[in-house]
Amino acid sequence: MAALTSGAPAAGSTDPAPAGPPAPPRVGADRARRAGRVALRVGAVLLRRALVLAALLAVVFAAVEILPGDAATASAERGDSAAAIAARREHLGLDRPLWERFTDWMTALPTGDLGTSARGEKVADLLRDPFPNTLALAGAAFALTIAASLALGCLAAARPGRRTDRVIGHTATTAFAIPDFVLATGLVLVLSLWTGWLPAVTVADASGKPAEWTMMIMPVLALAVPQTGWNTRIVRGALADQAGAPHVEAARLDGLSTTRVLLRHALPGALPVIATGIATSTGMLLGGAVVVETLFNYPGIGTVLAGAVAGRDTTLIAGSVALAGAAITLVLLAADLVRAKTAGAGR
Amino acid sequence: MSTPATSTDTAAARRRYARRALPLLPAALFLGAALAGPRLAPHTIDAPVTATYATAGDGALLGGDQLGRDVWSRLLHGGGELIGCAFLIGAAVTATAALLGCLAVLRPRAGRVLERTADVAILLPSVLGIMLVALAWPDGGRWAVITAAIVLGIPFAVRVVAAAAAPLAAAGYVEAALMRGESSLSITVRELLPNLRGTVTALFGLRFVEAVYIISTAAFLQIGPQPPEADWALMIRENAPGILLNPWAVLAPSAAVALLAITVNLATSAPAPAPRR
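In the order they appear, the protein sequences are chains A and B. Quick note on numbering: the first sequence equals residues 755 to 1101 in our numbering. Quick note on numbering: the second sequence equals residues 23 to 299 in our numbering.
Watch out, some of these pointers could steer you wrong.
As the list claims (entries may be wrong) - Distance windows between CB atoms, simulated:
1) A809/A with A185/B: 37 to 45 Å
2) L62/B with S961/A: 47 to 55 Å
3) P216/B with R913/A: 34 to 42 Å
4) R138/B with A901/A: 29 to 37 Å
5) G998/A with E137/B: 25 to 33 Å
To be verified - Just so you have them, the derived chain B footprint on chain A, three or more residues with Cβ under 8 Å:
6) 852-862
7) 892-901
8) 942-951
9) 1077-1086
Claimed, not checked - Not everything, but these chain A residues come out facing chain B in the computed CB check (under 10 Å):
10) V796
11) L800
12) L801
13) L805
14) T870
15) R873
16) V1045
Note that these hints are calculated values from the structure, not bench results. Quick reminder that beta carbons are idealized off the backbone N, C-alpha and C, glycines included.
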């Protein structure tokens, strides 16, 4: 277990560590073999996630390629001659064979080079300032989602079948169904325009970050509430599955308090399912952030992408997909590790 | 052994049936109203009848929008296409996933391929995926959004069906059918799917809600329906600048989208969902 934690990259997993039994003293050789096995497993997980990310990038590149137009024609001024467009194409390197460009794009990605936008600017430069802002927004919403869905799920599971359980269940179902931009509109109307508590529009300061933290409250809420709805149901379901497990049953029959049974006996077993469920929310949060940002005028990639759609700038969108895919991969990796750790602790 | 049903039995059964049907009622009412809406609208969707962002009353029930068009009429017109598209996407994704999910269980090799596809799809936020497809197919309009939503939705849905079908594949009657040499399709349709009714119904509800989310989000980003059209998501975006002058121009379509998703979700959701992957 110790080897696994030290070998794992700190990929932002905020889940509480499962309360495993204290490790019994082991012989050195056994421990070394164990550590080797764990390292192998972590390596395999890392490799698999990296391959999956590469596959996504290949699909995105192919999607960009089957486009009717390319960056040269998309950025051409009205009245440009065919020769001028051909020159631009050569300048952007679009006349080279497909395979060569794909290899170049893929090998350049790890160095932080995301290619060139239709207007001839570096995609990495266009996304450098807004992407961290989007990550901050989605990250805050992610943290809130984890905390709220764990709390609500446990609260419901502590009173199975009672009114609290039913109310939380129905509220979660309802919250999950509301699209985030609809929720955002409602929040603006109530919290900003009618009561005047929060600023309706995000104003960026000189460094391009939101000027005040209160400007993040509504975007974060709009993103976190639907995802909390979904994940509360996952937490509740996973805890319900665990409630029937023999060791939980035994703990309950021993007369331990409900809270203790729930947190120390049922929750650790439910963590793998919960971690996987919450990790899949990352995509919804990042995608939702793009939409909510445009509504609040938040200085993230949403504004950049809206411009990219209007300007038919596919390289820019492909670059954003690559960044978002990498961020989601990290969270999924964290979920893999939570799962591996819980499985290891149970053995 | 079956016993003849007594009258108390049938009464209890009817009550049980009524209780099961109760969650369907709000969805049925709402869908009916939204689909019948265009016939009830007092005005056309593109004729200005009031001042810009006129407040409610004076001949326009919910006031006017940014061009002085009747919000109430546009609201009644704005749902049909959204509901139709969401239904189409939900049905297509559910049907494909039901077949592929069973295939994945019956043919482990195909199952592994589908698993990997889902792994890849999970890394692509649906909003970004739709932007990509909308750019790749600029003349596609609604159909580009529909295609993207179907393609992006299938991998998750296959996982849900496969997870539910896996225990069934080990059942004696499936093994017997396999021994008889029946085709995978025949086993899927005749042995597996009838036992997956609950999963498939819940899946359809979830996919419908997801489709409402995707279509309305795309419309909000101005991918799909274009300005003169009456569309709830488009109305929210167009009228946002006048939210203080006539809140109804934004509130009414917001409430409509939310109600559509919530009622359908309540109608089809099981108490505890299967994890998304």
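To see whether the hints hold, each was checked on the structure:
1. A809/A with A185/B: 37 to 45 Å: 22 Å, violated
2. L62/B with S961/A: 47 to 55 Å: Given a distance of about 53 Å, which is inside 47 to 55 Å, the answer is holds.
3. P216/B with R913/A: 34 to 42 Å: 36 Å, holds
4. R138/B with A901/A: 29 to 37 Å: 33 Å, holds
5. G998/A with E137/B: 25 to 33 Å: The hint (25 to 33 Å, Cβ to Cβ) holds, given that G998/A and E137/B are roughly 28 Å apart.
6. 852-862: Answer violated; 0 residues pass the 8 Å Cβ test.
7. 892-901: violated (count 0)
8. 942-951: holds (count 3)
9. 1077-1086: This one holds; 5 residues, not fewer than the three required, reach chain B with a Cβ under 8 Å.
10. V796: 18 Å, violated
11. L800: 14 Å, violated
12. L801: Nearest chain B Cβ about 13 Å off; hint violated.
13. L805: 9 Å, holds
14. T870: Violated, because the Cβ-Cβ distance from T870/A to chain B comes to roughly 17 Å (cut-off 10 Å).
15. R873: The hint is violated - R873/A has no Cβ within 10 Å of chain B, the shortest such distance being about 15 Å.
16. V1045: 5 Å, holds
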